[in-house]
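> Chain by chain, the residues run as shown.
2 protein chains.
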Amino acid sequence: MFESAEIGNSLPREAYEREMPRLRTRLIELQTQLLERRATEVLIVVGGLVGAGRSETARLIGELFDPRHVEVVPDLPPNDEEASRPPMWRYWRQLPAKGRIGVFFYGWYAGALGERIGKRCDLAHFDARLEGIKRFEQMTVDEGALVIKFWFHLSRKSQRRRLEELAADPETAWRVTKEDWAHAKSYRRIRNVAERMVRETSTGAAPWFVIEGEDRHYREIAVARTLVDEISRVIAAQDEAAHARRRRRNGAKTARLSPPPVATLGTTDVLSALDLSLSLSSKDYDDELPRWQGRLAELSREKKLRKRGIVVAFEGYDAAGKGGAIRRVAAALDPRFYRIIPVGAPTDEERSHPYLWRFWRHVPQQGRMAIFDRTWYGRVLVERVENLLAEADWRRAYAEINEFEQELVENGLIIVKFFLVVSPGEQLKRFRAREKVPFKRYKITPDDWHNREKRKDYDTAIIEMVQRTSSELAPWTLVEAENKRFARIKVLKTLVETMEAAL
Amino acid sequence: MFESAEIGNSLPREAYEREMPRLRTRLIELQTQLLERRATEVLIVVGGLVGAGRSETARLIGELFDPRHVEVVPDLPPNDEEASRPPMWRYWRQLPAKGRIGVFFYGWYAGALGERIGKRCDLAHFDARLEGIKRFEQMTVDEGALVIKFWFHLSRKSQRRRLEELAADPETAWRVTKEDWAHAKSYRRIRNVAERMVRETSTGAAPWFVIEGEDRHYREIAVARTLVDEISRVIAAQDEAAHARRRRRNGAKTARLSPPPVATLGTTDVLSALDLSLSLSSKDYDDELPRWQGRLAELSREKKLRKRGIVVAFEGYDAAGKGGAIRRVAAALDPRFYRIIPVGAPTDEERSHPYLWRFWRHVPQQGRMAIFDRTWYGRVLVERVENLLAEADWRRAYAEINEFEQELVENGLIIVKFFLVVSPGEQLKRFRAREKVPFKRYKITPDDWHNREKRKDYDTAIIEMVQRTSSELAPWTLVEAENKRFARIKVLKTLVETMEAAL
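Taken in order, these protein sequences are the chains called A and B. Everything in the first sequence is counted per the numbering used here, starting at 29 for the first residue and increasing by one. Everything in the second sequence is counted per the numbering used here, starting at 29 for the first residue and increasing by one.
What the hints contain is simulated information worked out from the structure, not anything from laboratory work. Keep in mind that the hints are not guaranteed to be accurate.
When chains are identical, the list treats them as one kind, so a pair holds in a single copy or across two.
As the list claims (entries may be wrong) - Straight-line Cα separation of at most 20 Å, EDC-like style, residue types lysine to aspartate or glutamate; simulated pairs:
(1) LYS335 x ASP108
(2) LYS512 x ASP314
(3) LYS335 x GLU110
(4) LYS185 x ASP362
(5) LYS335 x GLU433
(6) LYS126 x ASP485
Construct all of the structure, not just a fragment, from the sequences and the given hints.
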């Protein structure tokens, strides 16, 4: 989910200076409209990792608008009056009136986040609190509020570098506290808790916007653009509703779809950040292959596995080498241990059940492995790109898939998901080669050529898929598959290491 | 919530024999349409209290339709193959294909219900499982299924009588097991768990239908009518969607509102079941009043109360005597201990915040009492009846109010809710009397006369309010207020006993 915010997004100073004044003017105009209408209160939640620019952003938002109509609510421990009432009481009191803007530093997330990171509440209680938060946000939105939530993220390496920079500069050293360093040490835990929170509470009513926080210019433009987009959207929706009311009374509100969670300014993404030049020589390959296959074979006989089970999911561009990778995995295993499930167009029986039914059928028993050659992700890849179903349907599939995988993981299954990536050039070469080799010719169909033309649409779908469904429970592994040997070893190695970590 | 299913609903044999054949014919017609369309699978969940006719109904449903296209799924412990997979796997496998009907005895609720009743899972885990169930149901509905859930309820007294009847008859005695008697003993606990489940999982997508189960005729007609209504509704919605598609592509699904949870055949309801002839003589009143006021005064100085707090909510028909009852409560208390909050039309400041904001403001501190003269229920009473807001808005208020009260209770507050009922005749007498007494004349306004005319609409709103918001956490007490003395003592007594039970 956070992968797209760990690739070092940045923006040159000139671009920043060109765009920021325009965005500010626009935001002041929008604020004036909010004040004139007095129909919407704007609730902005700011949270994120240490060093990702949370407090700078809270301050920035205060400055982007006319500050007389903005209330910044810090994250302080409750005072006596607040402590003697239910925890939500203080947030209700702090709600800005319609037309005004409230900036909440962590806001109603502070308690649940802090307790979960500090291990003072278990997963079920954490989820229950998130449910409560969702209902609170849904209610404020139903009552006319606009809720915008920012989460500032950066990679572990960037966080360390940033803290060191701040500590080295005498002017900023005071800002780096002992707790900051302690937080940096629990990077993994905090990232996982935050990821669950963002995943569970990103709703159509109140989505999270995840922003990579290292580069100030990038961060600020992303924030300002999001604010402009969201406030304009609400104002436009009000105008439309007013129109609709004039035409027919009682116009139903149009449901809003949750936007992709990670804001990108269109510069870099997880796909273009891949280094497709990675490769492995034949000699190294011949050394590594038996080594990893041997470890995999051993693991498959591991006693602890008897109460677990493994789901391996393969997706990838056409001709990226899924089949070859699957064969290298299978070759290491006892045939009674695994089953390969090739996923094609659904049968009639499958069509007469809910979409996920066909995959539930193939969930492996304890102690077994199921290898899916193409998967449930078809819903948000091919079916999305080819317009085989309505947007609302593939949008809800992200949440359904996350639920599905969460349920498997909570019941002891280990999920490993691979997406194999080749460049368009290499893909073309492989297509041509297949056409020439008689026994490989069946592998290439008119569909393949058609899919190539839609590469850009597929890329968009893949990036959103990774943003929405790569979770701490079932992360995606993007495999650089330009060199088949490199890809196969990466697949085997990832599988072995994930299994070792889980057992 | 279950009050409407504890009033001894019944139906005469002749009415049953007149209506049942018509309903059966209609159900067979509807089933034929389901089979022709193959667009919808019908999932029927049957659950309820011992003795309320659960198994008879499961059998009945099998007989109402052509049994070749109905699958009845019993509530058995998982077999080996099922036990080695995630718990939901078996329910996925059991889903009927589109066009067919599945009857699930407890279905996916079996595990969570059993564990919570057996105290093998805490409230947070129970809620988490209910959330999972809601998502599962939402997903099947999004994929075209129709989910109908029946809960068969009866009062504690009726349950006991029914079990004794069954045990006495040699032909049915074998059906009453030891566990049944054990369940009857835990009536209160099971009722509370079931109530939470019904409340949390009654969604627009998959509502519960609560049916009083004692009288066979009543029960079967209620079930058959519900089946006819629900299946016709889905078929009509499909026809309409097909029409809409022809007009414009990509027609958004219309959101469905959850129906009132307790099915009634329009014979009796919680209001008409009240005995308004209850009264108290002046002499008894003069004895009882100081007694209960004394106990209340003592309780208000109770040490345990310092970490708690009390919310007393008064609603009722005009001239039912709310003011008088509130004065009798207040008279017993130290003025620093309580605050009376009269609720009128919202101020401008209140209007510029979400609806519940004005009530959150007045949540009492620990150790204090807040007495609301009219309450947050105005949303689903006067605002509903007078069309002051859209149906969708007052419908969502039920869930919001339940959340609000749940949050207060979970944070140590005690909630006591009174609704005072007078007959239209007595009300008229009181109005006339007020007109004659100069210092009471201000109490009667043209609104009051207007409200009298809308009595029937108010009754409907009150019955639904009790069905939806009387919970084990914050139950409604309906007060027979035809005799003011009786009403005042009932209010004081209920308040004292609720506080004693909670402390």
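> Okay, which hints does this one fail, numbers in order?
Numbers 4, 6, in rising order.
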